[in-house]
Each structure stands twice: as C-alpha cells, then as structure tokens.
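A.B. asks: These are the residues of each chain, in order.
Protein chains: 2
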Amino acid sequence: MADTVGDHDCEYLATLDLDGTVEFTESRREQYGGDASPHEPVTPDAVVEAASTADVSAVLAGANERGIPVTPRSGGSGLEGNAVPVAGGIVLDTTRIDHVDAQPDDLQVRVGPGVVYDDLNERVAQYGLRFAPGISSGDVAMVGGMIANNASGFNAVRYGETGDHVRRLEVVLPDGEVIECGQEVVKSSSGYNLRDLIVGSEGTLGVVTEATLELVGIPEHKRAALVTFPTERDASSAVSEIIRFGVRPGAIEFVDAPSVELLNAYSGLGLPEKPTLLLELHGNNSGIEEDVEFVESVCADNRMERWETADESEMDEIWQARRDALPAARAYREGWEPLVIGDVVVPISKYPDIVETVSRVADELDILTTCVGHAGDGNLHFTPLGDPQNEAHVAAANELNERVVKAAIDMGGTATGEHGVGIGKRKFMDREHGAGSVRVMQQIKDAIDPNGIMNPGKVLPDVES
Amino acid sequence: MADTVGDHDCEYLATLDLDGTVEFTESRREQYGGDASPHEPVTPDAVVEAASTADVSAVLAGANERGIPVTPRSGGSGLEGNAVPVAGGIVLDTTRIDHVDAQPDDLQVRVGPGVVYDDLNERVAQYGLRFAPGISSGDVAMVGGMIANNASGFNAVRYGETGDHVRRLEVVLPDGEVIECGQEVVKSSSGYNLRDLIVGSEGTLGVVTEATLELVGIPEHKRAALVTFPTERDASSAVSEIIRFGVRPGAIEFVDAPSVELLNAYSGLGLPEKPTLLLELHGNNSGIEEDVEFVESVCADNRMERWETADESEMDEIWQARRDALPAARAYREGWEPLVIGDVVVPISKYPDIVETVSRVADELDILTTCVGHAGDGNLHFTPLGDPQNEAHVAAANELNERVVKAAIDMGGTATGEHGVGIGKRKFMDREHGAGSVRVMQQIKDAIDPNGIMNPGKVLPDVES
Numbered sequence: 060m061a062d063t064v065g066d067h068d069c070e071y072l073a074t075l076d077l078d079g080t081v082e083f084t085e086s087r088r089e090q091y092g093g094d095a096s097p098h099e100p101v102t103p104d105a106v107v108e109a110a111s112t113a114d115v116s117a118v119l120a121g122a123n124e125r126g127i128p129v130t131p132r133s134g135g136s137g138l139e140g141n142a143v144p145v146a147g148g149i150v151l152d153t154t155r156i157d158h159v160d161a162q163p164d165d166l167q168v169r170v171g172p173g174v175v176y177d178d179l180n181e182r183v184a185q186y187g188l189r190f191a192p193g194i195s196s197g198d199v200a201m202v203g204g205m206i207a208n209n210a211s212g213f214n215a216v217r218y219g220e221t222g223d224h225v226r227r228l229e230v231v232l233p234d235g236e237v238i239e240c241g242q243e244v245v246k247s248s249s250g251y252n253l254r255d256l257i258v259g260s261e262g263t264l265g266v267v268t269e270a271t272l273e274l275v276g277i278p279e280h281k282r283a284a285l286v287t288f289p290t291e292r293d294a295s296s297a298v299s300e301i302i303r304f305g306v307r308p309g310a311i312e313f314v315d316a317p318s319v320e321l322l323n324a325y326s327g328l329g330l331p332e333k334p335t336l337l338l339e340l341h342g343n344n345s346g347i348e349e350d351v352e353f354v355e356s357v358c359a360d361n362r363m364e365r366w367e368t369a370d371e372s373e374m375d376e377i378w379q380a381r382r383d384a385l386p387a388a389r390a391y392r393e394g395w396e397p398l399v400i401g402d403v404v405v406p407i408s409k410y411p412d413i414v415e416t417v418s419r420v421a422d423e424l425d426i427l428t429t430c431v432g433h434a435g436d437g438n439l440h441f442t443p444l445g446d447p448q449n450e451a452h453v454a455a456a457n458e459l460n461e462r463v464v465k466a467a468i469d470m471g472g473t474a475t476g477e478h479g480v481g482i483g484k485r486k487f488m489d490r491e492h493g494a495g496s497v498r499v500m501q502q503i504k505d506a507i508d509p510n511g512i513m514n515p516g517k518v519l520p521d522v523e524s
Numbered sequence: 060m061a062d063t064v065g066d067h068d069c070e071y072l073a074t075l076d077l078d079g080t081v082e083f084t085e086s087r088r089e090q091y092g093g094d095a096s097p098h099e100p101v102t103p104d105a106v107v108e109a110a111s112t113a114d115v116s117a118v119l120a121g122a123n124e125r126g127i128p129v130t131p132r133s134g135g136s137g138l139e140g141n142a143v144p145v146a147g148g149i150v151l152d153t154t155r156i157d158h159v160d161a162q163p164d165d166l167q168v169r170v171g172p173g174v175v176y177d178d179l180n181e182r183v184a185q186y187g188l189r190f191a192p193g194i195s196s197g198d199v200a201m202v203g204g205m206i207a208n209n210a211s212g213f214n215a216v217r218y219g220e221t222g223d224h225v226r227r228l229e230v231v232l233p234d235g236e237v238i239e240c241g242q243e244v245v246k247s248s249s250g251y252n253l254r255d256l257i258v259g260s261e262g263t264l265g266v267v268t269e270a271t272l273e274l275v276g277i278p279e280h281k282r283a284a285l286v287t288f289p290t291e292r293d294a295s296s297a298v299s300e301i302i303r304f305g306v307r308p309g310a311i312e313f314v315d316a317p318s319v320e321l322l323n324a325y326s327g328l329g330l331p332e333k334p335t336l337l338l339e340l341h342g343n344n345s346g347i348e349e350d351v352e353f354v355e356s357v358c359a360d361n362r363m364e365r366w367e368t369a370d371e372s373e374m375d376e377i378w379q380a381r382r383d384a385l386p387a388a389r390a391y392r393e394g395w396e397p398l399v400i401g402d403v404v405v406p407i408s409k410y411p412d413i414v415e416t417v418s419r420v421a422d423e424l425d426i427l428t429t430c431v432g433h434a435g436d437g438n439l440h441f442t443p444l445g446d447p448q449n450e451a452h453v454a455a456a457n458e459l460n461e462r463v464v465k466a467a468i469d470m471g472g473t474a475t476g477e478h479g480v481g482i483g484k485r486k487f488m489d490r491e492h493g494a495g496s497v498r499v500m501q502q503i504k505d506a507i508d509p510n511g512i513m514n515p516g517k518v519l520p521d522v523e524s
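In order, the protein sequence lines correspond to chains Y and P. Numbering-wise (the numbering used here), the first sequence opens with residue 60 and increments by one. Numbering-wise (the numbering used here), the second sequence opens with residue 60 and increments by one.
So here's chain Y without its partners, still in its complex pose:
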C-alpha cells in the first residue's frame, strides 16, 4: 500500500464492456477527489461510473489482478474522508445503480446504492412507509454510503441506525465474486453475520450493489416542541432522564447556545439564544399525549425556561435549520471553516459530562466550538471553527478532538457514532477497541481482501511491517 497517485495503470478499464462509463480526463477525476469533510482531496487515476452489478464485478476483478486501489463512492457526503482516494487508483462511483423496488406487504424495499435518502422516502411514502434512521444530509446522502458508514441521524433514537434496518445485501467481493449476505426476513440464526460485518466497513471489504431495507410505518401522530434551558447541563440532563425512563422520542436534538446563534444568523429563525432541545414525539395512537406530558414534566424538573409546542410547518422550518447546522457553521466568518467535525457517543448517563468536557476544553484552548447532537443516542457533534490556514487554529482543533474523543472512549463510548472511521479516526482504533480486536479486524480484512485493494488507508490503522 505504498501507492501514490499516478502509479496505477488503469488502462484495462478501457477494454471492459461496461454498462456505465470510464472517465480519465483530469477535470472529471478532480470532481471525485474529495468529500464533505475537511480532509484534503486526492485526485484518482480513473473514475468509473458503474451502472450495474456486472460493472462493479468487472472493475474489481481487473483491479484485484493488477493490485490497483479502488475507492467506492456514492453520494460523497461523508464527513471523515471515507471516500477520499488517498492511494490513488480508481474511484468506483455507484450513484447510477439507483433502482427502487418496494415490497410493502413485507415492509421492505430493494434498492441500489445510488438512491438518495430523501428520494427513497418520497418513493415509499405512497405505502405509508419510510426508511427511518434519519440523516441530516438526507438530500444528498445515498444508501450505499449510509450502509458503508452505518449512518444515522435525527430518528435513530427511536428507530435505530442504518444497520438496524438492513435485511440483506448483495456484495461484490474484491475478486469480483458476487455474494448475498442476510435474508429477507426479520430474524435468523443461520451462519456468521456477514451482513453486519459489511455494514460500517466503509468499502474496505467489498462493494454493496443492492440492499433490502426494512421500512417502518409513518407515524400517525406527531407532536413537536422547542425547549430552552438556562445551561447546557440542564438541557443535557433532561435528555438523559427522558431516555432513562424509557420514553423513545422520534427525535431529540441538543443545540448549544452558540449553535442557536449561528442558526439564527444563517436562517433568520429568531430562536432564543439559549441551550435548546428540539423534540418530536411519534405515536400511532392517542396515548402520545401522555408521553408529551411526561417529557414536559422532566424538562420542568431540569429548570426549563420555555416550552413551546410547534405545529408541523413551524417544525419543518426548525428541522431544516437544524439540518443547516454545518452550512451555518461554514458561513460564520469569511475564510473560517469547521476544522474538525466531532462525532462521539457516550452512555446516556454521561451525556451531560461529555457536553461539559467539550465546553471546558474549548475554553482552555480558546477555540470557538459549537455543539449539536442526537442527544437521545448520547451522540454529540462538536465543531471547532477557525481559519484552516492558521496553524494555531488547526492545532487547537486537533487537540480538542483528541481530548474529547479520548474522554468519550474513557466513558465507555465511541470515537464515531455515525460518520465512520475514515481517515481521521484511525488513530483512535486501538484505544477504543484494544489492540487484540483491531488485530482480528485486520485478519478479516486480509482474508477477504488479500491484495488490499479496497479503500486503502481507511478504517484500520497502518500495520507495522
């Protein structure tokens, strides 16, 4: 894996009889160098826009024979450099594999990796169903990337991660063989769970060319509220208590005061600039009112200052603003950018502690840092902002990330809740999983991808040779 860009002779691609297309021009290749993260783009040697499983198989088989790195990609909305082709070679774009074939009677849908999350939900809404994990970038994120990174978002607190909704995968192995992982049923005890091994493996073991996803009913009733608190600790403690008592909101988002300021500036919302919870309760029956009363009482116990119920159109506006948290951060100051996009998860009882840790460390390092998070999951996104050309800013952001991730792991948590390991979290793998577990992961990688062609430089730390 000592590859550098330009090393790889990808001419074999031109000889393949593909349904899709191969691109060698520099302008096209440059478009495939980066993702939505702060990680440096790298221009690949070639790009394939695959249009079928057969395309993916042919491209991989040829690359495997020649030892050419392949970086699979769908929406390109990753936040940890997951689809950056750091070793050059081929970027394998699967966006054209975008079929949608619903089986509403079995509450499931067969989809290609190139289907956009929001589009999928529009397509299955006619059956009263939806693919439920929620994702902030649902207008661009595609199913392939969501599976590769075990992505989730707003609604995971009630409905779970992407992986919780995957029944079956069609996967092309590095040598081009096509296999099936899992079955189109709700449970099985048959054999090793290859499906959940592929989920979250970030294209380092193979390429998903079709998935059968479980769908859930669109809730009949929704109630929404916007709740403000005097301090971040009060807001985060309220979340911790709500979850502890077994209530599962459809969504429960934490937004710190600096984030509310950014959102107001970006979207003109005029929200009180206080630590805030955005809440949605889902239910299929009238009992939902009891849940709302319970949640309001817990918030009151945690010194809430204001409880404002929102109707559906108000709530749509607020959710759109929450979705815009990252663009709002980018717009904060000319030349400034999010320098790191944090993504830790801690046990729910520790949520107030991790929120406080971010705040304390950011103060110590004197770096402006905003926090939002899928609080019901214990998931916190912290975003240090600064000038990417300013070495002191970058150093402070990296140190903040390092200290917060280590604190989260020490609390029993994880370095990444939904963005994946990609490039930026590899250095925490040993600390989080232990060297023994990481060694087993590497053994699995070596067994399935012996030539190491699949998305090199991601997930697993470099092996000492």
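Worth flagging that the hints you see were computed from the coordinates, not collected in a lab. Do not rely on the hints blindly, as some may be mistaken.
When chains are identical, the list treats them as one kind, so a pair holds in a single copy or across two.
[Unchecked claim] Dumping the calculated DMTMM-like pairs for lysine to aspartate or glutamate here, alpha-carbon to alpha-carbon at most 25 Å:
1) Lys504 - Glu355
2) Lys504 - Asp66
3) Lys281 - Asp370
4) Lys486 - Asp505
5) Lys486 - Asp521
6) Lys281 - Glu349
7) Lys504 - Glu236
8) Lys504 - Asp521
Following the hints, complete the assembly by docking chain P onto the known chain Y.
C.D. replies: Coordinates of chain P only, in the frame set by chain Y:
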C-alpha cells in the same frame, strides 16, 4: 478435524491453576454429551467448569497449542446439537460465570454467560427493566447460549433477537487472548462489527465471558387475547395483516389445532381445539386500547370464530402451556418423540404459505406434525412426532424437514430463526447463503481459529479437501 473421542490427551488441564474445576470421571463427562435436541450425545474426554475469564483463557490457550477440540456450553438447552462435542475433546462449561451487574441509568446490565434468562429478568425487575427477546425455555436457557445462537422467542416480534440487545462482549479467542467487541453505547460506526460476528457463531470463533445487554422498560400496560379461527390459513393470514399494518404486538403466537390438542392433554387447559393465536399487546400509555381494537378488527376480517380477552393470571397459565409445547409433544405417546424440531422463518407475507406447506407435506408423508410459531416474526416451529427406533418415521421426519426448509429458503427465508445451525442445518448452508458467502464464512473461521479447535462440526459444512 478427523478426531474421534478419546483421541485427545487432556492431561494438561490437571496442571492448570483454575478458579473452577476439571472433571475426568466418566459419569460427569457423560452428563455433558448432549443437549435438548434429538441429536445423538457424544461423551467428551474432559469437562471444565470454568469460573472466570482467566480459566477460559488458560483452557483455550492449552487446547490451541495441542489441537484439542473445545465445545463451549452454558445451559445445554440447545435444540440443534449446538453443544454436542461431536469431535470429543473438552466441554467448556461457563455456567459458573454468572455475575449480574446492572447499570439502570444506562438501561443496561453486564452479565456472565451462565446467567439463566428468567433469573436475569427477576434481578433487573427492581429497576422496571427487562432483557426482552423472550425465550420459551427461559427457565433453563442461559445468556451465553442465547448469544451463541442469537436466540429469541415470544417477544422478538416487538423487541428483536438477542443480538439486537447486545452492546458489548468480552470474548476469549481460541489462542486465549481476551478481546472486547463493541461499546456500551446505543450506536457506533467505529470499525468492523466483531460483536455481531460473534453473536450467532455458536462458539466456533471464541467464548463469550461477559456481555453488556441493553434492557427495555417493563411495559406499563398489557392486554392479552386468545383468538380462534376455522382454518390455519385464516389464523396465519390475520398475523400477516396485523404486521403489515405496522402494529407490533408484544407477542403473537400461532398454534395449530393438533398442538392445541396436545396442550390440552398435557396441561388440562380446555382450549377450543382450533387454529389459535395467542396475543399480547404492550404499551406505555392508554393508546394501547386502539391497538387492541385494530387487531380484533383484522382478526374479524379473517373469519375469527372467537375473541377471548384474558386477564393476567389466565394469560400466565396459557403462556406456560405454550412454553410446554415441546414437553407436551414428548408426552403425546409412549415411546414417541419429536424427531426434528423445525425452525424456519419466511417473509411475513409468505407465512400462510409456509404453514400450508408443512400441512401438505406432512399429509403426503403421513407423519403427525404439530406447528407452533412466533408468527409475527414469520417464524414457524414444526415438529414431526414418531418412534425414533422406527426407520420409516425417522426417514419421513427428515424428508419433511428437508422439504419445508428448502421451501422456506426458496421463499427468501432462513433455515433457522433462533435455534442456530448446529449439526442439523449445516447441509442447508450453501443453499441458503450461496457457496460464495459460505466460503467467506470459512475464511473468517480459518483466520480467527486457524487450528480449528472451536466447536468443530458445527455451523459450517465440511470443507472438501
């Protein structure tokens, strides 16, 4: 793996300084030869009752050096020969590792593999919590075996399988190294999912010595009903529709008319000897009544003959009877036994078809066969009864199993929903998963257990050499 019993020199065990004990006497060894399945017992060469993670590590390290097979075991209630030491060697009993350490604020509990399912739920009930998959043999099944087989039962339709509730595992690898798999949080995108690879691997990759399990709230409200139908197809169609409309009962059990007869004979229940659904609706608020009304209307649409609500004590009696389905089958006729314990799952829309398939094939083969099942999951247990000494009976039972399993797989289903592959389902692995997937499973097995000591003869079909 050409081992036969008695081949293995297990004397090294006597030299280990264990917290637990080693047993070499024949009478003790014989107690560890079988499980609750119809599979032939095999007496191991030695038995270790491990009392700590360190014990498990020392036993495995020594066995690995010497190439001695090790069959891990907890409750021994498996129904597919999963814990039968077919290659002899050591049975590693983990029942003495039975600590229970709850963290109610994080809705979780750390447990040893030797904790009995019902005992665990008694211990955590004080917090208003429970470990939810439900299992018919909850009075004997232990957490270790439930994880090894991804077991489930009555309540999986609402709460999921064992694997859905496992957050973290401590696992001893075949060479004795202790690793951690997963984190004590509700979601993560960090690295390969080793946890769900271990779940359901039936002790063929390592031994679980501790698990952190997610707990759920004990439902505040329950409603139960017993519903009878004129035909099996009506009952199973009702289930299919209830699930399709998005209602998730706490439990929904299908019991065919012959099974009701057996249960009446065994437990003196006096139920109408008709195809029956046992229903439990769970909820945390008053809206549960709407669900009850909806379910009743679906049953009415499917020609139900009787809807009888049951209070808690009546329902306890009925559930106990349902739990006794297997003993009731055993008691049916002197000298007769269940010859196969079927465990297929199909897509829910196909549930009426698989019920009909069993009935038709059993008629053709002229073998008495009873059916019960966790119908909401699409899971059906079919049990051909006969004299195990009667070759015609045994041949008919095996043919029934073969034909029903193949039909289920052809419907997109699985050969085993909750009992595991064990010995009896290995022959269906290629058909269910495809040869390519099974080869990847074998590669993983070879990478993690290169000497092939862990529970040989289970899960994966024999490799042609």
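A.B. asks: Please list, smallest to largest, the hint numbers that this structure does not respect.
C.D. replies: Violated hint (a single one): 1; every other hint is consistent with the structure.
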